[in-house]
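A.B. asks: Based on the provided sequences and hints, a complete structural model is requested.
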Amino acid sequence: MDNITALGGDVYEIDTRMAGYPGITAGYLILGDRPCLVETGTSTSAPVVRDALAALGVGPDDLATVVVTHIHLDHAGGAGDMAKFFPSAQIVVHEKGARHLADPSRLMASARMVWGDRLDTLFGELSPTEADRIVALGDTGSIDLGNGRTLNSHYSPGHAKHHVGLIDSATGDLYVGDAAGVYLPQTGDLRPATPPPDFDLETALSSIALFEALGPQRLLFSHYGPVGAVQETLERSAEELRVWVDLTRQVHGEGLDLDHAVAMVRDRTRERYQALRADDATAEQFELLSGAPSNVAGIYHWLDRVSP
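Residues in the sequence shown are numbered from -2 upward in steps of one, following this note's numbering.
Rather than coming from a laboratory, the hints here were simulated on the basis of the structure. Take every hint as true, because none was put in to throw you off.
Using 16 Å as the maximum straight-line C-alpha spacing, the simulated EDC-like pairs for lysine to aspartate or glutamate come out as follows: (1) 81 - 127; (2) 81 - 122; (3) 93 - 136; (4) 158 - 197; (5) 158 - 199; (6) 81 - 59; (7) 81 - 129.
Quantities reported herein were computed from a predicted structural model and do not represent experimental measurements.
C.D. replies: So this is what it looks like as structure tokens:
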């Protein structure tokens, strides 16, 4: 299948083909004694991910664990579907997200307010997961991959209060979710992910510092793919956060409404990103991955709390 990439260490990247687009959201299969899927993608992507696992030899009763870094719909929207497809798998999530996987009604209502009719096309509907199949992680946790190999979780809020990073004891791969921003492999661009309502600058920077302290060998971005330049990339992630916050703070202080703020921040950051000077398709992909309206809205929401 053309949406599967072997990354070494029995790790396979799966392009979930979110909303039909390539290169938007990745899931990762760790194929050991106890196969583990990290990130499900959206509900509409769930059949694509299921078929990729089947192509890798993982049948309905073979998957031991599904882990999501956080419960945003591009990462965990397929959790309920994958639970149905793989009835033996445990579904693992931070404790602050567990109740939303068991009863997604509030999460879906909130998402529909944000996305409107686009919700069905982009994400689909998060189905509930039986509560007795959900494993809730605390600030740290460990997932058994078999043969002494573990996937160790570390609470990393800032992007979202229910976010964890996951490090593989065998490979040193760190699954960063959205806590280090979004990466575009075509151009090497890295951009923050600061959506409302949970973004907090100091917490986000602390999460990046935690990732540095874990000493990973490689970063595996949910958006999108593997990056080997760990220290440089995490430093840049922190820098991008500061740039976006500083610019948004300036326009927030001028009392501009959100639409004007988005336009101004987008204009002032344009030169930072090669993707926005590339072809239209690449620019559209980058905006879908980490749109300026969502980023600025999240920073505005935070600024209204800390300096109204």
